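Chemist: Here is how the chains run, residue by residue.
Number of protein chains: 2
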Amino acid sequence: MKTGHRVLILGGGFGGLHATRALRRAPMDVTLIDRRNFHLFQPLLYQVATGSLSPGEIAAPLRGVLSRQKNTRVLLGEAVDIDPGARRVTLRDGGSFEYDSLIVATGSESHYFGHEEWREWAPSLKSVEEATAIRHRILYAFEAAERMTDAEERRAWLRFVIVGGGATGVELAGALSEIARHTLRNDFRVIRPEEAQILILDGAPRVLPGFPEDLSKKAERSLIRLGVRVRSGVQVMAIDAEGVTFRTRDGSERLAAKTVLWAGGVGASELGRKLAERTAAETDRAGRIKVNPDLTIPGYPDIRVVGDLALAFRPDGRPLPGVAQVAMQQGAYAAKAIARRLTGGKEPPPFRYSDQGDIAVIGRAAAVANLFGVHLWGYVAWLVWLFVHLMYLVSFRSRVLVFIQWGFQYFSFSRGARLITGGSPPKSGN
Amino acid sequence: MKTGHRVLILGGGFGGLHATRALRRAPMDVTLIDRRNFHLFQPLLYQVATGSLSPGEIAAPLRGVLSRQKNTRVLLGEAVDIDPGARRVTLRDGGSFEYDSLIVATGSESHYFGHEEWREWAPSLKSVEEATAIRHRILYAFEAAERMTDAEERRAWLRFVIVGGGATGVELAGALSEIARHTLRNDFRVIRPEEAQILILDGAPRVLPGFPEDLSKKAERSLIRLGVRVRSGVQVMAIDAEGVTFRTRDGSERLAAKTVLWAGGVGASELGRKLAERTAAETDRAGRIKVNPDLTIPGYPDIRVVGDLALAFRPDGRPLPGVAQVAMQQGAYAAKAIARRLTGGKEPPPFRYSDQGDIAVIGRAAAVANLFGVHLWGYVAWLVWLFVHLMYLVSFRSRVLVFIQWGFQYFSFSRGARLITGGSPPKSGN
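Chains as they are written, first to last, in the working numbering: chain Y, 1 to 430; chain R, 431 to 860.
It is possible that some hints are incorrect.
[Said to hold, decoys possible] Among the chain Y residues that face chain R by a calculated CB cut under 8 Å, a handful are:
{"no.": "1", "residue": "A59"}
{"no.": "2", "residue": "R73"}
{"no.": "3", "residue": "K126"}
{"no.": "4", "residue": "V128"}
{"no.": "5", "residue": "E129"}
{"no.": "6", "residue": "D187"}
{"no.": "7", "residue": "F408"}
{"no.": "8", "residue": "S414"}
{"no.": "9", "residue": "I420"}
[What the hints assert, rightly or not] A short list of chain Y residues far from chain R (calculated; beta carbon distances all over 12 Å):
{"no.": "10", "residue": "Q69"}
{"no.": "11", "residue": "D83"}
{"no.": "12", "residue": "G322"}
{"no.": "13", "residue": "S354"}
{"no.": "14", "residue": "H375"}
{"no.": "15", "residue": "L383"}
By construction, these hints were calculated from the structure, which means they are not laboratory data.
Quick caveat: nothing in here was measured; it's all calculated off a predicted structure.
Where is the CB? At the ideal position from N, CA and C, for every residue including glycine.
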């Protein structure tokens, strides 16, 4: 049965890709549109930024992933506007697509809370380009320090400040520590890379605020063991080329640092904001769209929002976090709800998140995990982390390549993808 | 014995790296300066451009490669001038280094024979950035073709013109054919990627002019079997956004093509030109510096030039080709000559190239090789190519990763690194 029902899916991340796959046997015309031609395994992007993996190893071309799904076409394009009345999506290049059902899965972007000017000095970690730019900065900082004759300048090049103590911030800090203490250990003749200072600044009272308190404590202790300093409960006031200023309980402090990385916060994608405007939907401070229990936008039963862009809730009223698990489940749910609606079946039950827990890696053989309420840490949690991340990589090829890269790294302490590429180096004092 | 003799090596390619390694037990202060922090295995760069490999898989960080070589330091910097009288090298950032012996191995750059404006429309394949930009263009062309409604526009997006029929041009053409006929076969819904037209334009009468004539013929036949058209003996007159114009024996022709790739020619690096100027050395049309039989510049026994930048000759007077083998042997020779000169040994015998032959791959299970005068082609030559290239990769990790990528590709016809990244897409008609 071919119904000709046109499902348009915007975004090929976890939400969009899982929605598309869930429609593989549906008698519909499915179109997936993404700005990029690949699905990116975001949770490992920090490993690209820290030289462990190459971008190609955590990306899978969307066309390749979906080539056998004959009811689906993939298009490279950036959706910039949605007309919910005419049921039409407009692309940046002027093209437009009509839909019968729409799934919006365009995710989130890094958000500087009104300080866009910080972006230049504190890059964030959302895209492949940003990850390679951060890799560039980190590696270049050691190179620059090696050439500095002034001790203070050298210290500023060897200080790395990470803004944000969530999973990304913790992962970056742990990886940076391993780079400084192991990977680059014998590589320099003037500086000692292990003297690098790595700091996490966070406004919350503890790192990994999404985790139970005992695991946050364990994570912080692991970080300290790795030489990472955690400054909790501080508020960043300024970031510039020479460092960062932040407010503490007792006043304010200034740290000279040539490398500041932003793991601070995310907000709705640009298209998400447009969609909220067009549908007069309610949003939270970050711009996430408040959706009905069936993930539709109030008043628009043909538009569903999934993943980071959706503000959905647990039965107890707490909002769902912006993680891959939620996006995947929402994507699959949205697809099934559309199929069911079309075949005239009864209304689907509300979306219910099946929480399998959280996991964050801190460094070599150190992680924390909260799985079905069981708290794990250290080596065991790290093994679980490894297993989970390898299994969720989309392509078998990626799984093998990443496994090998990790194996080499574990035994040799070396990192395979230590390339400084692209653009000119960051501004140097020399 | 520590002599304090300062050897400065400019460039960490095949020549510079082999020179540095050959000095690992020499009682000298060795400094290797490169613009990049990694050694790049150039012969496989076309596989990055065609989505088979990630840059990190064919690059090895110079510091890592040389970390145990305690007499050597590595610096990230770009040499911009040489003062042979003061024995001093100046870097772009203003720093300077004095030397007692200098090895210049800064290689070649792509050369547009006075038509710099072609660079924008016909990128060449010398750096990681250029390789990913070419990958971007190739993959984007198929995406754009999928969206075109005008048949002529679509044809222009599906036509790929490669200027130059040397090893790089032939390798690119073969890889492009495999992409169109196999990798992307089922990925599109509107276009048929196998209808892509791939052309090689070359001024020489045959492809692979460095090979014996029978192997050139075999290579051309393999290309034709892969659907590649070869236009020999033509001269490119213009390249712009819409295509390429070239002169044939009978007049001139215009081809509409959105993707033109430059595999046309190389010339001396900028520093090489500066060096020739400063030493009043003789150069050829491409700017290569004519060196003495011991690779020194006439009048400057403390400066040696190795690799693509050196114009050296075989005993029969033919110039040595700009290939990795020559650079590696020259690098090692230059290092040994310096060490011998220092210990007061007798003058080294002139550099003698030990020619192990040439090899070029055309596609899946097709290559041509001329090894010690034995002509090989087809599957056998291809196996030799695989083996040689895997063995010459600098790090063991790269060898394993590349081997696995190739294994996947051979059996699945798929390519792992099909990412369109960086910058905005090329100008599109839509």
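Chemist: Okay, which hints does this one fail, numbers in order?
Modeler: Of the numbered hints, 3 and 10 do not hold.
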